[in-house]
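Trainee: Generate the whole structure from the sequences, applying the supplied hints.
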Amino acid sequence: MANLLLVDDDEDFSETLRDLFEMQEHSVMVAATGGDGLSLLSGNSFDLILLDWQLPDMPGIDVCKQYREQGGKSRILMLTGMRDAASREAGKAAGADDMLIKPFTLDQLLGRVQKMLSEAGEPTA
Amino acid sequence: MPRPLNVARTQHCGYKTGMRLTPRLLHKLLLLVAVPLAFELLFAGTLLSLLKSAETAGDREHRAREAVASLNSIYERIMDASKVAGFLLFGSGKTPQFEKFHDVTATIPSDLDNIREQLRDDADASQKVDKLDRDLNATLRIMDEVFDQMQSGDRMGAVQHLRDVKTALVDLSDQLITLRESCNKEADEDYDQQRASRHRIYTVIESGILINVIIALMLWLYTHRNITSRLAVVIANTHRLAADKPLLPSVTGSDEIQHLDKVFKDMVVALEMAREKERAIIETMPAGLLIVDGRGGIQMSNPTLLKMLGYVSGGLDFKHVSSLFVKEKDEDDASCFSNLIEKANRRATERIAQGADGKTLPVELSLTPFRVFDNEYFLLVLLDVTERKEIERLKQEFVSMVSHDLRTPLTSIQVFLEMLAKGMMGQVSEPIQKKATMADRNATRLIGLINDLLDIDKMESGQLELACDDISLSTVIERSLDSVKGFADKQGIKLVGTETDLTVHADPDRLVQVMVNLLGNAIKFSPKEGVVSIVLEKKDDFAVLKVCDQGRGVPEKMRTQIFERFKQVETKDATEKKGTGLGLAICKAIVEQHGGSIGVDSVEGSGSTFWFTVPLKTVPTAVPAAELTAH
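Residue numbers (this note's numbering), protein chains in the order written: chain U, 6 to 130; chain W, 98 to 728.
All the pointers check out, no bait thrown in.
Below, in silico cross-link-like pairs of lysine-lysine (PhoX-like), each with a Cα-Cα straight-line distance of 25 Å or less: (1) Lys587(W) to Lys531(W); (2) Lys359(W) to Lys125(W); (3) Lys120(U) to Lys582(W); (4) Lys374(W) to Lys404(W); (5) Lys180(W) to Lys263(W); (6) Lys714(W) to Lys97(U); (7) Lys359(W) to Lys374(W); (8) Lys555(W) to Lys97(U); (9) Lys426(W) to Lys486(W); (10) Lys519(W) to Lys120(U).
These are computed hints drawn from the structure, not numbers from a lab.
Mentor: Quick look at the structure:
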């Protein structure tokens with residue numbers, strides 16, 4: 006049982022993932038924009054944040070950057086379609102803990118989420 | 098573009114004509130030498146003959162005159178002898194008169210011999226001399242008898258004989274006169290003949306000079322008409338070609354000059370054709386063309402370039418090449434030109450060009466230096482790449498769209514289908530679960546296809562980037578096995594991994610991609626209940642990763658080809674096993690970009706071992722593998 010935040014503008018995608026995580030008995034909050042995400046982050050504590058790379062109002066890495074600048078410590082998993090090294094470096098620099106490249110399989114997603122949640126007790130980089 | 102047939106044919110014809118050529122010019126030159134020579138020989142022969150004739154006549158005249166002198170001498174002796182005989186007849190008849198007679202006649206025989214010698218060629222005169230000799234000797238013999246009779250005192254007998262002597266002497270003198278007249282006549286004739294010969298010599302010399310002059314004039318005319326005037330046409334044509342004027346009509350005849358003229362005309366045709374071809378190419382080629390001198394001054398430009406940069410014809414004359422480009426930082430005209438030479442020499446480089454109206458456009462520029470005698474020139478080719486840049490931008494946008502916009506819905510579909518297939522959405526009937534599994538499999542294929550196409554696009558555009566780090570191979574193997582575990586279970590294949598503490602310098606995601614591809618292939622082509630194992634070796638500075646299967650193997654002829662794009666081993670169960678045909682090509686590109694190599698060892702029918710090498714980390718570090726993946 007963990008608190009998850011999913012920030013993604015694709016409603017279908019968000020719904021599928023929320024269903025999935027709720028089946029796993031996690032608590033899921035969903036935001037469709039970067040701004041909504043940041044306001045949810047400021048008032049709540051999450052064990053893991055799943056953040057889309059490209060949001061309607063701002064890039065995902067900017068959300069990540071602002072959250073870290075505000076002192077946010079929760080682990081962040083970026084969900085992206087960008088597979089190039091530069092994007093990966095940019096994500097790392099913005100403070101993301103890991104990146105999962107779309108499209109991913111159910112096993113890949115659950116495996117990565119499980120791994121990050123189990124590491125959540127440890128101090129973040 | 099048509100082959101330069103005409104040039105080749107011209108050369109060929111020239112050669113063949115050369116082989117058949119009759120050396121007519123040589124004949125003409127021989128004629129020029131032979132005609133005067135023949136005439137001179139005839140002239141000299143005639144002169145020699147006339148001289149010989151004159152000399153002979155002169156010689157004959159001289160001998161006749163000599164003979165006349167000797168005859169005159171004998172005549173005088175005979176006259177003297179006749180006087181002595183008169184003294185004897187009417188004088189005392191003493192001995193001294195006899196002695197005197199003998200003295201007077203003593204030289205006559207030698208004179209006669211002289212005359213005979215001079216007149217030896219004249220048979221008639223020789224006969225007369227012989228008769229004279231005989232009569233003279235007879236007269237002298239009578240005188241001897243007179244002497245004997247005078248000695249014996251027979252005066253009457255002596256007188257009788259002396260009268261006979263007198264008569265004989267008169268007869269002798271008559272003979273002498275006749276002979277002398279004959280000789281004189283002969284000498285006069287010879288003299289006339291000499292004069293005639295001399296006259297003829299003068300005539301021949303005068304005619305010879307005249308004929309020589311005429312021959313010289315005729316030969317000059319002949320040479321002029323046949324050689325110099327025709328050569329002048331050929332020479333004039335070379336000047337006319339240089340001055341770009343129309344050529345004179347072809348020279349007539351069939352000698353070397355005509356051949357030279359023909360070869361020259363053929364060459365002009367070939368030159369004209371080459372020039373026209375060059376002009377057509379330069380004017381119609383879609384690239385801008387510039388020729389600049391060693392200092393960057395524009396010497397020539399083609400219409401495409403003028404149009405590209407918005408100049409009117411002649412608008413680039415006397416301009417410096419650097420004025421056509423936007424200057425980079427700290428560049429002046431000279432350094433801009435030297436930078437162009439340095440960057441674009443025999444290879445394409447991109448640069449921003451500036452048009453006449455200041456408008457800028459991206460161009461691809463390449464430059465080739467060439468020399469004309471001691472002067473250096475550069476040929477610049479400019480391609481307007483505005484359109485290409487736009488296409489590249491659109492392609493980039495498309496790739497970005499595919500990367501993001503296509504992936505998110507695909508992920509939704511796949512996650513949902515997996516949830517459905519795994520019964521996470523609640524229990525569904527078997528046919529629905531079966532269909533959901535099939536739809537999931539197809540979604541996976543679609544994802545693989547998109548990923549492969551995007552990777553290939555990156556490989557082709559040279560944008561396959563690597564984020565290399567020192568990474569633990571055990572993590573790579575673990576992640577790879579995790580990825581294919583579901584597929585292996587489904588296929589009933591046992592996966593056997595390996596333990597290792599090797600660290601390599603590589604991009605972990607790309608390495609996993611290679612491993613997953615090789616493992617996926619191995620699982621796909623393994624028989625049920627088969628085993629796919631990972632074997633790890635260390636070789637020099639490389640780690641060798643091997644994926645071994647028990648499949649049907651790879652035929653030897655395909656072992657290199659399968660790493661090329663869209664090449665797959667043909668299979669009977671193709672429908673079941675098919676993929677994009679890009680997987681191994683992508684693996685090869687990734688491995689090679691890491692500095693490694695990839696290959697396959699196989700025994701047909703009993704399995705394959707796909708292997709690849711990755712460079713080991715260069716500097717040993719003590720960072721545990723767990724920390725590397727933790728971030």
